[in-house]
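Engineer: Read off the chains here:
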Amino acid sequence: MTTATASAPTNKLGLTKQDYVGSKSTLCAGCGHDAITAQIISAAFESSIEGHRVTKYSGIGCSSKTPAYFINQGWGFNSVHGRMPAIATGASLANRNLINIGVSGDGDSMSIGMGQFVHAVRRNIPMIYIIEDNGVYGLTKGQFSATADQGSHLKSGSVNNLPPIDPCTLAIELGCGFVARCFSGNPKQLNAILKAAFAYEGTVVLDIISPCVTFNNHDTSTRSYKHVKDHDFPLHDLGFIQYSEIEEVEIPAGQTEVVTFPDGSKVAIKAIHESYDPTDRFSAMKAIHESMAKGEFLTGLLYINPTQPPLPQVLNLVDEPLATLDESLVKPSPAVLEEIMRSLM
Amino acid sequence: MAASLATPAPALGAKTRINDFSIQVATVNGSGSQTANTVLLRAIFQMGVFVSGKNLFPSNIAGLPTWFTIRASAKGYVARKASNEMLILMNPETAKEDIAKADVGALVIYDEPLQLDKLRSDLAFIPVPFQKLVTASCPEPKLHKLVKNMIYVGVAARQLNVDMEEVKKAITKQLKGKAKAIEINQAAAVAGYDWALENLPDQDHIKVVRDNKTQGLIIVDGNEACALGALFAGVTVVGWYPITPASSLVETFIEYAEEYRKDPKTGKSTVAIVQMEDELASAGVVLAAGWAGARSMTSTAGPGVSLMSEFIGLGYYVEAPGVFFNVARTGPSTGLPTRTQQSDVELCAKCSHGDTQHINLFPGNMEECFQFAYDAFDLAEWFQTPIFVVTDLDLGMQNWSSKPFTYPTRPYNRGKVLNEQQLAEAKDWGRYKDVDGDGICYRSLPGTPGGKGSYFTRGSGHNAYAQYSEKPEDYVEVVDRLKRKYETAKTHVPKPVFRNLGSAKGILAFGSSDPAVIEAQDILAEGGLKTDYLRLRALPFTAEVDAFVSEKKVVYVVEQNRDGQLANLFKEGYPEFATKFKSVLHYNGHAIDAKCIVDQITAFEQK
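As they're listed, the protein sequences go chains Z and H. Here my numbering = 1-based position in the first sequence + 152. Here my numbering = 1-based position in the second sequence + 173.
So that you can see chain H by itself, here it is in the shape it has in the complex (with noise of 0.2 Å):
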């Protein structure tokens, strides 16, 4: 067996997809597949080439079709790609659905009692055996259903020349420790690699060629840079409520909470986490721990920013800090749990009911998530109210390749709040003062000893001295600064980045939209279409995002819904330009893929 281990050379032809392809794998959910595609992708990440997962998975735990797509690109593009070179069908219910919707040309591996192969004569057939492969490779017929998986990565290792090697160390890293099952599944793939080695000719359709793009790279999830950047950022309270896709958020930070955030001493918490009864409570947690001086943060998605959505209101009235992750989902209502869309933009620019403006983060990619989740902390207490992180489905559950995080040495800013002695010397101290004419106030924290310093919150209406009243002019003082607060945001979020090629003709996106835009510039590049691209990073909008707008002669506004919500706050900042914004939008709840964007663009420019 062990010979079969030594790569063969690829056969390579002149229209070899050499690290240039994607592949799609149709299962059934709770069959154990999510570790045997993981494993597929980390081998082809280990050989040195770029590559992003996808998994489209349903709302049920077990018996449901589920794709994942994984597409390799030595270019480094990692959008989501509309066309599949290779299919792995394991799914009865939706084989012949998957076979009618193929490429032309696609490669298909599939279980060999569906019959397939008659369905069409342009695709070229690999069946597999792979009831018997399983029944040779393992000894336990229990975890036959779950091993079986693994048969088809090594299959596919060995069509697409993935050295076994690293599909083995894939398999090790996978399953960290547990050493039964890493050895029963290298089993099975070693098994699929043989038989694929001695059974099916050689292919020239797509190949892995080592090279040596990822070295140094890590693969991770939104979600888990979301939750590494609160951790460094130090957040002391976690109020939270599961859904989907934002519950891996915490959870993966309670997991290292356990085992960075103990009191080596006394084996005692530095961080309170509670589950609580729903997302509005969980908002409330946030906020009044943040009022009480903690960095606090729950995750949720749209429903759940839904719920919140009366706490996020106090929070902004009261001046209370939070942050609020929403890995967004496709809405409305319960909509598609389980599929990404970015469209609360509108609903986290102005949660809640009276005037609200808030500051919303919108990381583009790993490092950011783990930077702006570490900023997020910062600005909360610096402005003294929620702040949106907000990510989607596509960002936060899916896997990326990424440079190693950077270690946040800049000091946290816990922002204006005085203590004891300074409230002692403080004259005619008032808890919504406008001391500094930045619209941020100074506060004081519950238990503050000395006898200075208390104050009484409340969501109705405040002076400047936190009284009660109902006074036109009391109620005009503090609403306008609040506007005025957030107008100083503008120079402390995050400032747009920019992929000018030369041109007057503008795209502006934001979030997980970034590598299909990326891709698509280049594709309209190529085809003589130059453009100016620019990544809105946060709201409020900043001095460089008004320039853009202004000297652009057109901005395609790219999104992912379908209301044109972000062109919508844009045709409101800039009523002078509102012509100006073109809708280019994606929102069937898969992740966006360039070809969508190029195709409209060229639509809009040919009118």
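In isolation and in its complexed conformation, chain Z is listed as follows (with noise of 0.2 Å):
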């Protein structure tokens, strides 16, 4: 841990931005994916997240790398291909304290993963659950994912010919509380998501477009950083406040509207494309299919509902951590042997 200087200015641990790096990128020049890990530090940082309760973990993949590339002073956990879910699910069942970040990609989550990312978002697994979203499998070097656009082309010239599966509407259909979409090249959008997300109980459904500059930010390409930034279509400017900063920042009165989360952290919205509720399901699901419809990426809070029970407190799991409970808590007393015997003789 360094130690913060008088130039660096530290958080409410006392610890500076450089406490929340991790190993260098070993990513190409450029990629969308190091500007999404730059924003999960700043985001860490600015929230004050206790480095030690973050878990982190990945699949297979450009996107499944990252997890090194951030918060060294939490636990990574690079499992395998599609199955990081399941690997979130286990340790946070462990260890209800754990502050758990997964990391997937479209191929990782909307094709191998499908099922797992399905199920966890179901059961609501307390994680932020981040999709670095650009259409192509690059590590195996620019194959279509499930995500591509119906018609674009790979660098190749091969077009895609079936219709793409969207992780968004689909973590709204699946009953997800938090689902937003951003845009690698938006960072003050994407910090105070992932602020508002690092509040969130939940599952959080991040899905991030973040151009391949290697294999699909050519001409042709809808993921590259042209495309997007010429059809980025943000829905409001967001403000998240957190619940111990509530006191010192006023909210502006008029048109924003504001959700509070369980902990009474807030977050500010402040509807700037059209007249658009995050917190109704239906009207969400309708802009965002319409928006699609005119090839457009809607960005922002795209559906939020503070309250929905996380997995450990569905299953009314006790409050310390599983994995750390005393034997005397759970080994039952010979008398509870004797009695269980008894009964099967």
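One or more hints might be untrue.
Short derived list, chain H residues pointing at chain Z, Cβ under 10 Å [stated by the list, open to error]: (1) A456; (2) V458; (3) F671.
Treat the hints as calculated values from the structure; they're not laboratory data. C-beta: ideal position from N, C-alpha, C; glycine also.
Take the two lone chains, each set in its own frame, and fit them into one complex as the hints suggest.
Structural biologist: Here is the structure:
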């Protein structure tokens, strides 16, 4: 841990942003994923996240390498292709004090890992589930993924004839209580959403359009920097105010909608694109479908329901981490065994 | 009616098989026959006689044929017996075939309208007017179908000289607290008993005579025994997916956890149980929970292990603990889901791609199911790896009598886990550094404060400090250490048990084959062939196994699969002795019986 110097600002834990970094990225220069990593670092720093409580999970692919690039103080688990949700499920049940961040890609989540994605969302695992979405398999050198737009071209010239799967509408359909879409090229929006995500108790599904500079950044790609910039329609200006800051921050009146989390934190949402209510599941679905039909990327907080109970709560687990419960709390007494044996006689 | 309950003195002849017979009951599944059969089994058990039950059931909910075999044995032989002395035929679909297969002289209790008595002249037929009796004894017509089976329990009890009070007690036990059901079923059993007393001549073919062999014993199945082992081992995370014949392990655990794993003050649970979307996800939950410090488990069967194998390999390589119960069934593929086999031996020994070796525990009876389940959690945490506890449908789902389980007083061994202070004091700690030379490294748990001990777990190449590495020397260092760790396990896993009659000829078996092997050993000895028997209880092979294999001139490896999978592991493990191993196999889906072992060993001996 580095010591805070006079020049480097510190957060409530007395830590600098440098305390939230990880190893050096080995991704291609200009990769959208690195911009996302940078915002995870910033948001964790600004939210004063305790690094030792952070667990970082991933599957396989370029995106899945990134947990090594942020929050070195946390524990990382780079598992197998498409199976990150099961890892997050097991660890989050073992220790409910962990702050769980899963980083996946469009291939990892929407193809091989679709089953696990769907069921993790359905169970409302306490985790931020980030999909670094570039429409392409990068690590295996440029095959289409299931989020690639119909008619989009590969660098090699081949055309995708199949319709895309949209992680956001899917997540909303599955009952996810926090669904957002961002563009890796819009750090301000991503930062606000990540901070809100850290305050949320259940599954956060965050689809981040993150162009692949090597395999999917050409003129005919719908996931290129240029195309996404031209078609990015931010829904609103977002402000996230942590519970501890409520007294200090004044929320502007008027156009701003405020969503309050169970811990008292607030998200202030000021619509800029059009009238959009992120607390209404049905209107959210409608708006997303309409924008997709127009070829737009609607970005921002698409849907939020801050009160959905996460899995450990649904299972009515004890408050302490299960992992470290003392033997005396989990091993029934000899009298219990005797009672059971008698019943079997 | 009460007068009939006094059991008359049994008619015994010179050839009467006292407390030594098998009964096969043929019914339609979903007709409540399981309850009736368990009552009959329990009543004989309560008469103080060793008894075992094998349910041969279809992969179906209702309407297909099912057979239940009850074996009583004064000598304590509890394996399936190939021949039956009594048949109870309630299923019109199979009755003719059952008659054709019946052993000469068998007593055949059957539903009168089936008119089976013309089919053979070498059987003793006992037609019973079940419909008439059920109509007279049960006031509710809609229950007739279910209660009808309890009538044959009464008839059989009378024919066998089983005390009717024991039958009534068994019904009360079986139907725990359901007063009306108890009353109706007891009435039906009594009706059968009374009818038999008045209408049937006594027989002296097979009889139950009160004994004291089962005093203080319990009746339990292996899935329940394993569930109890896990309960007392303090499992805290369970990820599972339903599959025959493994479901009842977790389901029984859930029932016990409801009662014994709630915080008495808050009512909150000290165990998380999640039915996952498939076995692969279950395996992920188990290993990640183990990685995060929980005691975790799943229970599955062969198809589930196949699906889990991707994660099992990860668990082996990243060194995450977890307990995997495999209640094996008949493969390959879907195979015979409700039939038994020991055909996952090689799968569990080396589950997943690449070089992998796993610790396996092979319980052979109910006490071991309980004890090994308990031990498996210690082994998982000590060795930081997936542990297989391999049983099968025969152990897992059938009724076995057993001594009551002994309370496991040994405190949990949570393994080499460094806490905040130890991490602060540790010099140059590396997650995969072999400090003690036993191949087992020190780990930290996610969430440990203090700023030390975080590391990156990855299924890709890594070095002793858990850093990504593709260097050949780093790779080899890790996989060689894993092999060393497996060697260390040889002194930690359960040793084999022996039943030596004094011979240079060895029999080697594991798990549910045990009772059949013991019986076969006795039959062979009576015929002049003495054998020494080693029952393997774990992988890797321990020093006792090494000695047995090197000492014996021949080793008959008895197992319930086609390919001699355990023998293959022996041939691979002891190449210098490869020609010693002769396979004795049984793999038709039924539990192994002594006769098939005797026949095959005899054939080898005559060569």
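Engineer: For this structure, which hints from the list above don't hold up?
Structural biologist: 3
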